[in-house]
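Here is what each chain is made of, one letter per residue.
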Amino acid sequence: MLEDYVLLQHYWWFLISLLGALLVFLMFVQGGQSLLWCVGHTEMERRMLSNSTGRKWELTFTTLVTFGGAFFASFPLFYSTSFGGAYWVWMLILLCFVLQAFSYEFQNKKGNLLGSTTYRVFLLINGVLAPVLIGTALGTFFHGAEFIINKSALVDITAPTISQWSNSWHGLEAVINLWNVCLGLTLLFLSRVLARLYYLNNVDDAAIVARCRSGLVKESVFFLVFFLSFVIHLLLSDGFAVNPLNHLISIEPYKYLNNLLAMPAVLATLLLGVLLLLLGIGLALFSRSKRGIWPAGLGTVLSVLALLLCAGWNNTAYYPSLSDLQSSLTLTNSCSSHFTLKVMSIVSLVIPFVLLYITYAWRALDRVPITEDEIKDDHEAY
Amino acid sequence: MEVIDSSLIDWSRAQFALTAMYHWIFVPLTLGLGVVMAVMETIYYRTRDVFWRETAKFWMKLFAINFAMGIATGLILEFQFGTNWSNYSWFVGDIFGAPLAIEGMVAFFMESTFVAVMYFGWNKVSKRAHLTATWMTSLGATLSALWILVANAWMQYPVGMHFNPETVRNEMADFWTVALSPVAIMKFSHAVSSCWLLGTIFVVGVSCWYLIKGRHERFALSSIKVAAIIGLLATAIVSYTGHKSASQVAQHQPMKLAAAEGYYHGEHGAGLVAVGMLRPNASWDNLDEGDSGFHWKVEIPSLLSILATHDPQAFIPGIKDILAGGYELPDGGKALSAQQMMQRGKLAIDALRDFRLAMEAADQPAMTDARARLDSNFKYFGYGYLRSPSDLVPPVPLVFYAFRVMVIATAAFAFILLIFLMLGARVTRSRPLLWAGMATVPLVYLASQAGWVVSEVGRQPWAIQGILPNTAAVSKLDVSSVQITFFIFLTLFTLMLIAEICIMKKSIQKGPSV
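Quick note, the sequences are listed as chains A and B, same order.
Here numbering that gives the first Met the number 0 is used: position 373 in the first sequence is 372, and no number is missing along the way.
Here numbering that gives the first Met the number 0 is used: position 226 in the second sequence is 225, and no number is missing along the way.
Calculated directly from the structure, the hints in this document are not laboratory data.
Treat the hints with care, as some may be off.
As the list claims (entries may be wrong) - Covered by chain B, per the in silico footprint, the following chain A stretches (three or more residues, Cβ under 8 Å):
| no. | stretch |
| --- | --- |
| 1 | 87 to 94 |
| 2 | 168 to 182 |
| 3 | 322 to 328 |
| 4 | 331 to 339 |
| 5 | 352 to 360 |
Here a beta-carbon is modelled for each residue, glycine too, at the ideal position from N, C-alpha and C.
Next up, chain A with everything else stripped away, as it sits in the complex (with noise of 0.2 Å):
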């Protein structure tokens, strides 16, 4: 019964560190929207560089709201406390996504009140900001955040909060920590990269190209400068690990490496991800190919994959408190019962259902790439 459930918390938090994975290879619509003026030098071209990204910007919303809703149903303490602590970060995230929702739909619509730049510097702030903020937040998991938890804090009747937060910045204090900035930056990176890569594949215009081409060598260079720092620093610092029998938690030297060598499919699955990523991104720059995301893409899963069940498996507090360490959420304390979990896992056997039409969507849409031509004759393109 017991090891039952913690094999149903390990499977949660490999399908939430799965969803994580697959909402930063689908923020490269993210990376395409801060690249709108960079590489689409006319309006045709942004209107063609708009609607690439434009037929895709719902799954990256999709899946950020399954991330959210998955987490609340499997790990709900997280929820309330980080959603509700770190309140200012969240919101800012979520403002970004608010913005970008209705101004693909409004950018080039008559009678849109506001223009369409101002649409498209929407969508600009959410490409740019999305990322390092969603970075960032991502970056708490390993950094910690401040903030306290007294579940037996329910039975006083003026003051019932279970989870607190111990400043008064609620998450803004995140940005403070160069390490968590950092990985908001590798994101931002990585998505511009993705984004070159996805519209070689989807965009069939010469000049798009050339230019997707020749600014992959800087954000590349950028991208691998960021993320190996944040990775070396990650693996020579320390880390919050879970003592299994009493739960108590402690600060481990070189856990998160200590974890990589415990666990050595983990291991070979970030080694993995970072080849294939770093092959998409040799395939577009020293051959004619046009199919760089494609390995790029899956790189980038698993090497978020990777990084996500390092901050949670080998008995890791995954969301560290620097206020208490003993209020840090581990996946035993934080999680949901044994038989919501139990239904949820049922549920997930839709999952391959969702990812086999989601193919079959993206291959229908995808199979010509967009052509000016498309776009001239197109009455519903963005």
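Go by the hints and put chain B onto chain A.
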């Protein structure tokens, strides 16, 4: 000791209400138009008549403009459970999180994947595949509503769970009891059919505008015909499920029913107020026996008793009776007074405190004793947080008038849709009727909002009926933070709404290509 600021609760509620009301402007049209355009595309698929393809395409264009706004506001709504109601998220997250996750995995992905195929896939996939995508989009939106309404119904009628004092939360005990609770089924049927009604009234209203302008006559008459048929079906479902929902409210949320009826003094053979005007200063604590609190009212004798219980002589408790207790419950027991329930709630909270202390001390007998006291009083747990019986009374005038707007407007819609269906092409001869058709569009939005006001304002002060009031559910934040985000959302959503209306207006003015 830090005390939760009451203005924090008010602003958190205001922010949630704001987001929910904006969300409910866009979602019903998505659900309603989804069915209308899917039916139209089906006619195209069967007849191969290009007219129906272009008709469906026109409504799809309006659907797409509206769709993005629905999901933008929905995103904020979902995450607000965590950001503004953190205690709630832990206290019931084990149950409440599941429908939200299922909505994302099962429904929202379906909707957002196929909407791209529907919108951009006309020349990229076969006709059959496109029709499937259109229906899948509509189905996805409906399933999305299903899981959200299951979650909402559970807040109104919490079943299928037990409280675990070790984790200090409610835990799911039976998934199907949660998912298929009678309240959830009625809430889903009622809300979704009301969305179909709203979508069809919208189609009729826009079509009437074309007929007034003398443009696109075939398009407008065909759209009216399809919309009127679906709308009348929706009206029948709305009426039936509305009646059933009211019976459930009478049983599980008597205070909400009493507020919706402006009903202060209970009686056998209670009458239903068809229309009336409440005195602004009327309140449960200043009305004498025999004073109904109305300036005037038109009442149908015994109808409330019949609708609530199917017994014309049944006793329906008023607000004062619910607070005073002592009347006979449907199960034969005696109702407790508000004071008694608050006392039992405090006993439950004390028992939880004792349990936690005993658990820390590893004192098993004390834990067993505290657990027994907690279990026997847990039904009233939330009452322990209330300060006075008046906390239990929702804003009566708001709920009373909202209920009448919803019911009377729905009856008017049924009448108008029936006339449009019966007249067919002859409707073009009656300009007043066409104007009436157009005028129903704002009215249907008003009625739709009023329905949620009855449902959500009527259940105050509860986040979870009986076990968690808003005061114990809220996140500990600075009031100024919530005020700032409230005004950001207000500005942003209002701008978006104005932009959407302007874009829709331009699209409608341009018209379909047939």
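Results for each hint:
Using a Cβ-Cβ cut-off of 8 Å, 5 residues of the stretch 87 to 94 of chain A lie near chain B, which meets the minimum of three, so the contact claim holds. Under the rule that three or more residues need a Cβ within less than 8 Å of chain B, the assignment of the stretch 168 to 182 of chain A is violated, with 1 such residues. With 0 residues carrying a beta carbon less than 8 Å from a beta carbon of chain B, the stretch 322 to 328 of chain A misses the three-residue requirement, and the given coverage is violated. Check result for the stretch 331 to 339 of chain A against chain B: holds, 4 residues qualifying (beta carbon to beta carbon below 8 Å, three or more required).
Residues of the stretch 352 to 360 of chain A with a Cβ under 8 Å from some Cβ of chain B number 4, which satisfies the need for three, so the listed coverage holds.
When each numbered hint is compared with the structure, violations occur for hints 2, 3.
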